[in-house]
Amino acid sequence: MRRIIFPKSLLPLLHSRAIISGQIHDPFVAGNILESLLRAYPSAHFQAHALLSFSPHHSTFMYNTLLHAYLCNNLPTHAILLFYEMLLHGTTPNNHTFPLVLKAFSQAPQYKNGAFIHTMILKRRLDSDSYVHASLIHFYGAAGCIVEARRVFDEKQLPGISAWTALLSGYAKNGNLSMAWELFVRMPDRNLVSWSAMISGYVQCRKPEKALALFQEMMKSKVRPNCSVLVNVLVAAAEVGALQVGKWVHMYLEKNCMCLSSNLKTSLVHMYARCGDLLSAKQTFRRFRDKNVDLWNAIITGIGLYGRGEEAFELFVNMSDDGIPPDDMTFIGLLSACSHSGMVAEGRKCFEAMSKIYRIEPKLEHYSCMVDLLAKAGLVNEMVQLIQTMPMEPNARIWGSLFSSCRILGDITSGEIVGKQLIQLEPRNSGCYVQLANLYASSGRWQEAVAVRDIMKRRGVVLEPGCSLIEVDGMVHEFLVGDKTHPKANEICCVLDVMARSLRVEGYVLNNSVS
DNA sequence: TTAGGGTTAG
Numbered sequence: 016m017r018r019i020i021f022p023k024s025l026l027p028l029l030h031s032r033a034i035i036s037g038q039i040h041d042p043f044v045a046g047n048i049l050e051s052l053l054r055a056y057p058s059a060h061f062q063a064h065a066l067l068s069f070s071p072h073h074s075t076f077m078y079n080t081l082l083h084a085y086l087c088n089n090l091p092t093h094a095i096l097l098f099y100e101m102l103l104h105g106t107t108p109n110n111h112t113f114p115l116v117l118k119a120f121s122q123a124p125q126y127k128n129g130a131f132i133h134t135m136i137l138k139r140r141l142d143s144d145s146y147v148h149a150s151l152i153h154f155y156g157a158a159g160c161i162v163e164a165r166r167v168f169d170e171k172q173l174p175g176i177s178a179w180t181a182l183l184s185g186y187a188k189n190g191n192l193s194m195a196w197e198l199f200v201r202m203p204d205r206n207l208v209s210w211s212a213m214i215s216g217y218v219q220c221r222k223p224e225k226a227l228a229l230f231q232e233m234m235k236s237k238v239r240p241n242c243s244v245l246v247n248v249l250v251a252a253a254e255v256g257a258l259q260v261g262k263w264v265h266m267y268l269e270k271n272c273m274c275l276s277s278n279l280k281t282s283l284v285h286m287y288a289r290c291g292d293l294l295s296a297k298q299t300f301r302r303f304r305d306k307n308v309d310l311w312n313a314i315i316t317g318i319g320l321y322g323r324g325e326e327a328f329e330l331f332v333n334m335s336d337d338g339i340p341p342d343d344m345t346f347i348g349l350l351s352a353c354s355h356s357g358m359v360a361e362g363r364k365c366f367e368a369m370s371k372i373y374r375i376e377p378k379l380e381h382y383s384c385m386v387d388l389l390a391k392a393g394l395v396n397e398m399v400q401l402i403q404t405m406p407m408e409p410n411a412r413i414w415g416s417l418f419s420s421c422r423i424l425g426d427i428t429s430g431e432i433v434g435k436q437l438i439q440l441e442p443r444n445s446g447c448y449v450q451l452a453n454l455y456a457s458s459g460r461w462q463e464a465v466a467v468r469d470i471m472k473r474r475g476v477v478l479e480p481g482c483s484l485i486e487v488d489g490m491v492h493e494f495l496v497g498d499k500t501h502p503k504a505n506e507i508c509c510v511l512d513v514m515a516r517s518l519r520v521e522g523y524v525l526n527n528s529v530s
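Position 338 of the first sequence, counted from 1, bears residue number 353 in this note's numbering, the numbering being contiguous throughout.
Derived from the structure by calculation, the hints contain no laboratory data.
The structure presented is a predicted model; accordingly, all values stated were derived computationally and were not measured.
Accuracy of the hints is not assured; some may be wrong.
Below 20 Å or equal to it, Euclidean Cα-Cα: the simulated DMTMM-like pairs (lysine to aspartate or glutamate) are [what the hints assert, rightly or not]:
#1 K118 x D144
#2 K222 x E269
#3 K378 x E397
#4 K222 x E254
#5 K225 x E197
#6 K222 x E232
#7 K237 x E254
#8 K364 x E408
#9 K222 x D204
#10 K127 x E100
#11 K499 x D512
#12 K225 x E493
#13 K225 x E479
#14 K306 x E254
#15 K262 x E232
#16 K378 x D342
#17 K364 x E325
#18 K306 x D342
The whole structure should be built from the sequences, with the hints applied where relevant.
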């Protein structure tokens, strides 16, 4: 018998007929009704679960179909519970079940015991299935168990392209870009997803310029990009301020009539805002009809970045008028807008309202924004009080804000304590050592300044050179401190000299202190 | 008997 997808209009009739005639006892018929229901109503997973529960036969196919529906609706925990229910019911999982279950475990990190699935797969000898194999590698990679992922990969004689891609992605997610690149170069075949995984790896590891270069190479190889790739390109463009690249992506999407996913819409607005083109950010935002909370957050955060706090709050009101409830990211955008605009009173109100009115408990990031706001306003006592009442340990950004305040106020004693704390939190970050050494130097404590630099050297911490990027005609140029390898370095230095001289003539004095 | 993988922001 061939697979049947029942039309939406006939579903209730066919379902009742199947019950009356007793055909519902046929697992194939019951499975088809369940699948047809979920095709017609993709969000009807709870009804589908009820149908499964009342069905006389619980086939593996029915469970797999429902597992798939839960994952499509971003409900991995429900999928995991359904899998347990499946096992309790005595229904045998098959090669189609495990990729779904492994994905659910990857998406629900609170379930840390997913490794037992591997044992079940081995017992059933399903590890040779290419889908199961790639899913296992992905599962271990996402869980940070890259050694195990590699072991699974190496166990198969001829791993498929998905297995290669899953391992590549796993290395990138765990910060090992060189190994990811090695796999990308070595893999016997590449497809769009492999390119996408490598580009995404560069974006995740904060190497946006490499992501853009690889994207150019991908286009030269005549591989057509999809939404996933373009979202990553927009993120990379936003990171380095490559407005022309971002605009090119926007045009490409329109020219090819590509359907814009919510991620793409958000990334476009984010890109324009981060590249400083606020007008395009606002125009693009207005053009989109279905605005979800993420899109609103992108424009609120973007506007706030440029010190337009009041406009950010106006947008927040518009968002509420549109019936979109805020989430925790909305408040990060608003608090950050207050910080960039010096709106202390509004920031305090906003911080209070988020838990009292909107029932959103402040996370570390919200405290971080609030501390930043108070630090910039010079309200040190209030800032210290807030840090002391935080229900979690402060992060390096919070200590950094506190350190800046101490430095500005010339409070060397407190600055010393905070600076040491920062080094303890981020021992590999050269900036922490340099800031403490500068603090000592600013108060004439030269020996201690030298001692901090010595500790840094002994620990093998390399001073990361300052770097700035600029995009000219679609090309991103990178400049490091002391680096004169740029082909137009001499001309650029001449212009900078003229500018520096003009500034001196106007009475400006060079400030070399680290902020 | 049908179905399942690897890539997607802040």
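(request) Take the C-alpha atoms of K306 and E254, compute the straight-line distance between them, and say whether it is at most 20 Å. (result) 23 Å, violated
(message) Checking one constraint from the list: CA of K222 to CA of E269, max 20 Å. Satisfied?
(response) Status violated; Cα separation ~27 Å.
(request) Take a quick look at whether K378 and D342 sit within 20 Å of each other, Cα to Cα. (result) The given pair, whose Cα atoms are some 12 Å apart, holds under the 20 Å limit.
(request) Take a quick look at whether K222 and E232 sit within 20 Å of each other, Cα to Cα. (result) OK: K222 and E232 at ~16 Å, within 20 Å.
(message) What's the verdict on K225 and E479, does the C-alpha distance respect the 20 Å limit or exceed it?
(response) 18 Å, holds
(message) So if I understand the rule, the pair passes when the alpha-carbon distance is 20 Å or less; does K222 with D204 pass?
(response) At roughly 24 Å apart (the allowed maximum being 20 Å), D204 and K222 break the hint.
(message) So if I understand the rule, the pair passes when the alpha-carbon distance is 20 Å or less; does K225 with E493 pass?
(response) 12 Å, holds
(request) Take a quick look at whether K364 and E408 sit within 20 Å of each other, Cα to Cα. (result) Violated, at roughly 23 Å.
(request) Verify the proposed pairing of K237 with E254, using a straight-line Cα cut of 20 Å. (result) 25 Å, violated
(message) What's the verdict on K225 and E197, does the C-alpha distance respect the 20 Å limit or exceed it?
(response) Holds - the C-alpha atoms of E197 and K225 are around 15 Å apart, at most 20 Å.
(request) Assess, step by step, whether the Cα of K127 is no farther than 20 Å from the Cα of E100, and give holds or violated. (result) 18 Å, holds
(request) Mind checking the alpha carbons of K222 and E254 for me, to see if they're no more than 20 Å apart? (result) 9 Å, holds
Hints 2, 7, 8, 9 and 14, counting from the list given before, are not met by this structure.
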